[in-house]
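Novice: Residues per chain are reported as follows:
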Amino acid sequence: MVVGAFGLLRLPDFYTRAHASGKCDTLGEGLILIGFMLYEGATLISLKLLLLIIFIFISSPTAVHALVNVAYARGVRPWRKGEERQ
Amino acid sequence: MIDIFLASGIILIFTIFLCLYRVVFGPGVINRLIAVNTIGTKTIIVLVIIGFLFGRPLFVDISIVYAMITFIATLAIAKYLRRGCIC
Chain A
1 MVVGAFGLLR LPDFYTRAHA SGKCDTLGEG LILIGFMLYE GATLISLKLL
51 LLIIFIFISS PTAVHALVNV AYARGVRPWR KGEERQ
Chain B
101 MIDIFLASGI ILIFTIFLCL YRVVFGPGVI NRLIAVNTIG TKTIIVLVII
151 GFLFGRPLFV DISIVYAMIT FIATLAIAKY LRRGCIC
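Chains A and B, in that order, are what the protein sequence lines are.
Going by the numbering used here, the final residue of the first sequence carries number 86, and the count climbs one at a time with no gaps.
Going by the numbering used here, the final residue of the second sequence carries number 187, and the count climbs one at a time with no gaps.
Just to be clear, a hint being listed does not mean it is correct.
Derived contacts from chain A toward chain B, CB cut-off under 7 Å, selection only [to be verified]:
#1 A5
#2 L9
#3 E29
#4 I32
#5 K48
Coverage of chain B stretches by chain A, computed from C-beta distances (three or more under 8 Å per stretch; other residues unrestricted) [what the hints assert, rightly or not]:
#6 125-133
#7 144-153
#8 177-183
The hints are simulated quantities; they were obtained by calculation from the structure and are not laboratory data.
Note that the Cβ used here is the ideal one computed from N, Cα and C, for glycine as well.
All chains, please: the whole structure from these sequences, using the hints.
Specialist: Set out below in structure tokens:
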């Protein structure tokens with residue numbers, strides 16, 4: 001998730017920023033919550049953490065895809081090599 | 101084990117401040133929106149960490165509700181920017 005935040009800060013374009021933040025957030029969040037499940041053991045809270053992991057693995061890429069779709073419809077151009085950063 | 105939770109929580113809050121730069125200075129609406137989405141997904145993890153740190157794991161319920169609220173808000177704003185109305 002730290003790498004995703006640095007990608008959101010440093011990359012030159014909207015599409016590359018969406019790429020960095022979306023994937024790093026989804027996978028990092030799933031791994032941290034799997035760690036909490038192993039720490040907790042087999043209880044009801046572990047089941048709630050599993051539900052949270054499943055919900056986030058569905059919802060977070062959907063939200064990022066909706067935002068990228070809006071950006072493409074509004075006419076945000078992709079960055080090409082040699083251009084100025086946006 | 102408490103030290104590991106505390107260190108990961110502090111690192112995540114530092115990461116949230118890195119994303120806050122993109123919210124303040126980002127060019128256009130779309131960059132700010134994706135930074136807000138990222139902050140929302142990091143806040144869920146911070147809530148779970150606080151719950152395990154203070155010995156109250158029922159904070160997981162609050163983080164589930166927060167995840168749903170963030171998802172619905174992002175989809176609603178995306179639909180508004182696409183069509184001009186929420187309908």
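Novice: If you test the structure against every hint from before, which numbers come out violated?
Specialist: No numbers; nothing is violated.
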